Structures are given as structure tokens and as C-alpha cells.
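Visitor: One letter stands for each residue in the lines below.
Number of protein chains: 2
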Amino acid sequence: MHTEVTRTRPAPARREGVTDDNWQEDPYNRWGFRHVREFTRTARISRGQGAVRQLPERHTDLSDFLTVVGDEAFTLWEALEAAYVDAFVVVNGGAIVHEWYAEGMDPHGTHLLMSVSKSLTSTLVGVLVGEGLVDPAEQAVTYVPALKGTAWDGATVQHLLDMSAAVMFNEEDYDDPESDGCLIEFASGYRLGQRDDVPGDTVSWVVSLDPQGEHGDRFQYRSIITDVLGMVIESVTGQRFTDVFSDRIWSRIGAEHDADIIVDPKGFPTVEGGICTTARDLARFGLLHLERGAVGGAQVVPAEWTDRILCADPALIARYAASSSGDPTTPQAYYHDCWWVWDAAKGRYAGHGINGQMVLVDRSTNTVIAMMSTWPHRMDPHLSDFGSRVAAELLDHLSR
Amino acid sequence: MHTEVTRTRPAPARREGVTDDNWQEDPYNRWGFRHVREFTRTARISRGQGAVRQLPERHTDLSDFLTVVGDEAFTLWEALEAAYVDAFVVVNGGAIVHEWYAEGMDPHGTHLLMSVSKSLTSTLVGVLVGEGLVDPAEQAVTYVPALKGTAWDGATVQHLLDMSAAVMFNEEDYDDPESDGCLIEFASGYRLGQRDDVPGDTVSWVVSLDPQGEHGDRFQYRSIITDVLGMVIESVTGQRFTDVFSDRIWSRIGAEHDADIIVDPKGFPTVEGGICTTARDLARFGLLHLERGAVGGAQVVPAEWTDRILCADPALIARYAASSSGDPTTPQAYYHDCWWVWDAAKGRYAGHGINGQMVLVDRSTNTVIAMMSTWPHRMDPHLSDFGSRVAAELLDHLSR
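Heads up: the protein sequence lines correspond to chains A and B, in order.
Under the working numbering, the first residue of the first sequence is numbered 1, with each subsequent residue one higher.
Under the working numbering, the first residue of the second sequence is numbered 1, with each subsequent residue one higher.
With the rest of the complex left out, here is chain A (with noise of 0.2 Å):
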């Protein structure tokens, strides 16, 4: 499905009629995105008790930036409404240059970030690289033995972070209620309700799959492969996801707020997708990668491990124009980490989330923008590419 980009308004958020069956629905989403609390299970991801990280103002005339889709000019303003978005905080050199709140969102209310989580869940995985926990080339089986003799069998944990494990599951058409890609919200506690064709939570999905192919061979982009690094991360930490992130990451970005991460029905943690943060903490996120793994001097991640995600490596680019997401008009693009590489070269790589979800980290304007968004449809070609073109536009008008 998609939405004509046009100057109409979204509907605002609302409470009255949000339950826990369409919160993610169009136009309930907008509210519920904002709540997801209170529509499900979650856990708390501690901020800890250090010094909130400021992040300086600069202001910048944005007044004459247009974006144009077919015979209409756009505001950022307008495009901003017209792209379904809630919250948009752009920092460059440093300082925020702008920042816009849709009616009823602030810079203390969290906003469910879908698969940008699993770009922060990745992250994770290469601070426990750093610290020797966690070797990429092993056996993800290695780390949690649960896995033997299912189909991950074989799958390293590159594989993963890659999306290139040979697991059966289909996440091509979120149109379709019925495919893994929506069922699986009823597993991983995106949906309270259960259904006795799909297993109760999601280590039992992950263990049930099917085999598909070889480990390594295509990339194709599934959800649940990004889970088992939630297992790898408790397996060799012997702790709850949420504690370790809190540990290794969340606390040491100078996050302003806790974050919230939905939790399946067993307390595991949905790292593929149920992550909530506040805006301004995912464009602190976005720093954290845009500063190489540093933060105010501290290395909080590996340097290693975010330069490699800009490897341009031919293998990961083939494998990324063969599958589905490829698109000729991007041929250098791939997928690597759990990380979008739109430009290895300018070093501009995104996490990207269903419904609007995105924090760019571009190296050659010294920039990240966080953009959080309810579309109508999960998934949405037409809003898409105008959110990623209003983000490419808007780096390009900085760097003037």
C-alpha cells in the first residue's frame, strides 16, 4: 500500500479509540507509537544516573529549503507533515539545527523506533566484540547451545548482523496479515492477544524454523534472525538484554531519558523491533556512531567497529542488488550490522524502521537526523522514498 505525498495533515494523536489490537494501526498508531507501554508489556532500559549529554542549539534559517514532488514545492515544514512524522531532530557540527515536534509529541516522550532497534541492538553486539565476549565469525550455536540442530545450525554470528542465515520466514509483504513479518508481533509482544497458530514467544520462533538455503548465500531481510543476537548478547553476558544495553551503551551516551523496549510474554526482549526512546536520545545514538564509538572523549563502542560498517564490500553489495531491496538507481547500497549503507563512500549509513522510522548518521556533512513517524502502512514505497529524499536533500542544503 501506499499514501499519495500531499500537503494533507495527519490525523493528530488521540486516546479515544487506541486499544491494544490497533495501536498500530493507521490513524491509531500516532497515539499508539507514542504510548506503547500502554498497550503491552515493556521493559525499562536505565539511563543510569550520569550527566544527560546537552546537545547546544545553533539556529539555522531553514526558510528556504524546498523539496519538490511532482508539480509541488514543499516546505520542510510541510514535508515534515506530509511524511507522517512526529519527531525530527537534526545535529549538525554539534549543535541541533533543527528540531520539530508534531502537535501532542515533545522531547520527553519516547516513540517506538521498529527496526532502528536493530541497529542499536548491533551496536551492542560490537561492544561485546570489543570486549572479547563475542567473536563475528563464530558460531552463533556456539553461544547458545538451544540453537543445536535447529536451522541456525551452521550460522555465524556475521550472518546475523547481516541478515544472510538460511531461516524460512517471510517478511517480504507486510500488507499481508497473514505473513511471518505481521504474525510475528503476536510472539514478540507487539500484540497482547495470542493465536494457537503461531508460538507463544519468540525464542520458541526462533528455534521452530525452517532451514532455507545456505547460511551466507542472500541477503533477505527478517526480523527474527535479529532476535538471536538478543540471545547471543544474554548468552554470553548471563544478563537481561536490557541491563547489558543499559550497561554497555544506554548510560554512557548521556541519554536524557530511559528507554522502553517491548517484551515478549517470557520477559524477552523484542532488540529486532520494540525499542522507544525519546527523539533527541536517538539522535544522541546517532552521535555516538557519527563520533566513531566515542562519546566526550570516552571509547564507548570499538572505532573498529563503526568504520567497518563502511567496508563497501563488493560480496555484501552484490548480495544486496540480488535480493528484493535492491535498487538499481543506489548501486552501491548494502545492508552490513544491521545498518543501511545508503553511501560508504560519504560514509552516510541509516537505521531504518517500519512506518517512518530512521536516525542517519552521515560522515561527510558531520551530521545525524532522527526522524520518527507513524505512516498509515507499515511499509510505504511513496513516503519512503520522500523521507529519504527530504533527509538527502536536507544534508545536501547543510553542506552549502
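Honestly, the hints are just simulated from the structure, not real lab data.
None of these values were measured; they are calculated from a predicted model.
Wrong hints could be hidden among the right ones.
Listed next, the in silico EDC-like pairs over lysine to aspartate or glutamate satisfying Cα-Cα at most 16 Å (straight line) [as the list claims (entries may be wrong)]:
1. A:K266 x B:D396
2. B:K266 x B:E234
3. B:K266 x B:D396
4. B:K346 x B:D396
5. B:K266 x A:D20
6. A:K266 x B:E16
7. B:K266 x B:D201
8. B:K266 x A:D21
9. A:K266 x B:D201
10. A:K266 x A:E234
11. A:K266 x A:E256
12. A:K148 x A:D210
13. B:K266 x A:E234
Covered stretches of chain A, as calculated for chain B (at least 3 residues, CB under 8 Å) [said to hold, decoys possible]:
14. 38-45
15. 349-356
Computed from the model, here is a short list of chain B residues facing chain A with C-beta under 8 Å [said to hold, decoys possible]:
16. D20
17. R41
18. A73
19. G104
20. H108
21. L398
Don't be surprised by glycine CBs; every beta carbon is placed ideally from N, CA and C.
Given chain A's structure and the hints, the job is docking chain B onto it.
Guide: Positioned in the frame of chain A, the structure of chain B alone reads:
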């Protein structure tokens, strides 16, 4: 049911085996009460952006404190374990003189307050009375038209505050899982599952109640009455309880952490028992009362509102003595404005919640005690008496 007071150490809190269905039951409540949001829908009560009220510590030797039960003497530490306490904070003369946490609990984790929530809710009513938005003598139906033509017709806000509204609701026996006091857990969000024979949300239950007697005639503890205060608060402010409570109280007492509150399937807040705070923040709330509604020179709650709790109205005392809560050994006790007044002459009153929650305010010794526990049973006369006795003896000890 009751639990013998012995030096037996409670089982430690563990995540494994705790489910949506058993998190309130022994021994699962030990983890459950510290992680309520992982088992049901919750909303956030923001602490706002203000400074944390620092609580200085004053070293106080309590090694000679002993409580005797039968022929056993308990040190304070032994007593806290015997009483299934999870967190214990004593503030005397403005400084923390004792702070203790069970294994796995810390100053930054929230814990379910159960009915201590009622005392927080009524304090917010006090603020709204001060603002002229609520008159305790006015009928609830004046503020909440949906109550018109129901058993609540004729009940004043004061009747709600004093648990003397005349509605039929059986909360006398928590050991009976079919009693209203247990079944309401299905409506108000403690339990995610629904039952066909229980209203699906709190307000539906409120408006469906049958009348019983005359408003104001008797004191009978029925949690659902406090929920109507929540309806009044939302109605007169036109805002959600979470926002009003944050704005008027939680952001003004120097709370260190956001609080959580259980919400029902329609988002109605469980103001009668669903609030979760840290132990220190509960102590800060107690200090708000101890200091007659002021925090750092700013009047947050009218002083008259805190003073009137200690009115020692003979009618309240008589009503209380005649109720099932009456106790000949404390003939001057009463329930007023959602507080249990232990001794008005001493300025000693408390909020109590099942499974051993308490905030005790004592003007005579300038002390607040915050206690969070997970008794094996919701109500337990042995542990209740023991916990209250330890607190009272500690006040005596501190006044020496």
C-alpha cells in the same frame, strides 16, 4: 492466610517462571512487584525536568535496635527480612538515617505501591481542592456526569475520600479469588486476561455497581471507590491522570525517577493501587506530607489539606471502630482522605497497601518511613502487625 514471623529468608527475586498470571503470587511477586510493566500495560508519570531533591544521609547506629516476637529477638535487618521487605527508607530530621534493599532491588528500581497509591491520589485531589476545581462537599456526579443514575448518585467527593460511599463491593477477603477485591484485577489491568463475568474495564465496573446503604453511614474499605476519585480528577482537569499527577505533584517534589501506573484496556489509570515508585521517591512523597505540603519553600499541596488528615473527627473514629478494620487496641484510629491515621495527636498517619506497602508520616519524631514488601499473601495479619510494630518501635528508638 498468614505467615509466621521467623528468621527465614524470603526467596530471592528471579525472572524465571514469572508470568502475566502469577506475578502477584508468592514467590513470583518478589520479581513481579519490581517489574510490573513487564506483565501488563502501564503509563508513565513523568518526574519532569526539575532538579532531584537530594536526601542527605546521616549515619545512625541501629545495631542495638531489637524487636521481640514471642521468644525471638530480631535485629532491624532480621526483622526486614522476616517481614518480606524489599526496600526500606527512613528519613529523620530531613536525612536518611536508614536505607536497606533486598537482594536485586536498588534505589533506582520502582516497586508496586498497591493501595499506598490511594494516598498519592487523594493528595492530588487536595491540590485540586486548593485550586478551586474540586469541592469535597460536592457530589461526584457534578464532576462526572456519567455517574448520574448510578449507585454513586448522592455520594460526595468526601464520601469517596473516606471510603463511605454506599456501593456494594466485597473486598473483605483477599483469600477468596472470586471476591470483588480480587476480580477487579481483571478489569483494572493487574491481569491482562479478561473474564466474561467481569466488566472489561474499571469505569464499566464503577457505573454498574449496586447501591448498599446510605452514603456516609459507614466506613468499609472498597478500592473501587478511589477509582472514582480518578474519574473526578480527569473530568475536572480535562486531562489524563498521569499528566495531572506529574504536573501537580511528581514534578514538584524533586522525584528522582518517573513513576509507573497500571492502566486498564481503555487507558484508565489504576489510581487505587497501580502506582510504582522507587523507595526514595516514596519517601520524598512522605516528606511532602511531613512538611505540610511544602517542598523547598514552595507550597505544592495546601497545608490545610495535610492538616485536616489529623482532624480526629469523632464521627470518623466511630465509623472506623464499627467497621471490620476497627481494633480495640487502637481506639483513636480512623481512615480519612485515603490515609490510615494511627495517632492524630502525634501527627502519625500512613498509606498502606496489600503485600506490605507503607509510607508512614510522623510529625512527633519528624520522620518518614517508606517500606515496600512482598508478603506471600495479599493480606496477612501477622506480617502486617509485625511491620507496623517494627516501624513504631523504630520511631520510638529514633526519638530517644
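Visitor: Between K148 (chain A) and D210 (chain A), does the CA-CA distance stay at or below 16 Å?
Guide: holds, 13 Å
Visitor: Hey, K266 (chain B) versus D396 (chain B), does the alpha-carbon distance stay inside 16 Å?
Guide: violated, 46 Å
Visitor: Hey, K266 (chain B) versus D20 (chain A), does the alpha-carbon distance stay inside 16 Å?
Guide: holds, 9 Å
Visitor: Between K346 (chain B) and D396 (chain B), does the CA-CA distance stay at or below 16 Å?
Guide: Measuring from Cα to Cα gives roughly 12 Å; hence the hint holds.
Visitor: With a cut-off of 8 Å on the beta carbons, see whether A73 (chain B) makes it to chain A.
Guide: Interface hint status for A73 (chain B): violated (38 Å vs cutoff 8 Å).
Visitor: Identify whether the interface hint at H108 (chain B) stands, where standing means a beta carbon of chain A within less than 8 Å of its own.
Guide: holds, 7 Å
Visitor: For the restraint on L398 (chain B), tell me whether the closest CB of chain A is nearer than 8 Å.
Guide: Status violated, d = 29 Å.
Visitor: Are there three or more residues in the region 38-45 of chain A whose C-beta lies within less than 8 Å of some C-beta in chain B?
Guide: holds (count 7)
Visitor: Would the hint linking K266 (chain B) and E234 (chain B) be met if the CA-CA limit is 16 Å?
Guide: Distance ~14 Å between K266 (chain B) and E234 (chain B) Cα, so the pair holds.
Visitor: Could you grab the alpha-carbon distance between K266 (chain A) and D201 (chain B) and see if it respects the 16 Å cut-off?
Guide: The given pair, whose Cα atoms are some 25 Å apart, is violated under the 16 Å limit.
Visitor: Would you check the hint for K266 (chain B) and E234 (chain A), treating anything up to 16 Å between C-alpha atoms as holding?
Guide: Violated, at about 34 Å.
Visitor: For the hint on D20 (chain B), does the least C-beta distance to chain A fall short of 8 Å?
Guide: holds, 6 Å
In summary, the structure is inconsistent with hints 1, 3, 9, 11, 13, 15, 18, 19, 21 from the numbered list given earlier, while agreeing with the others.
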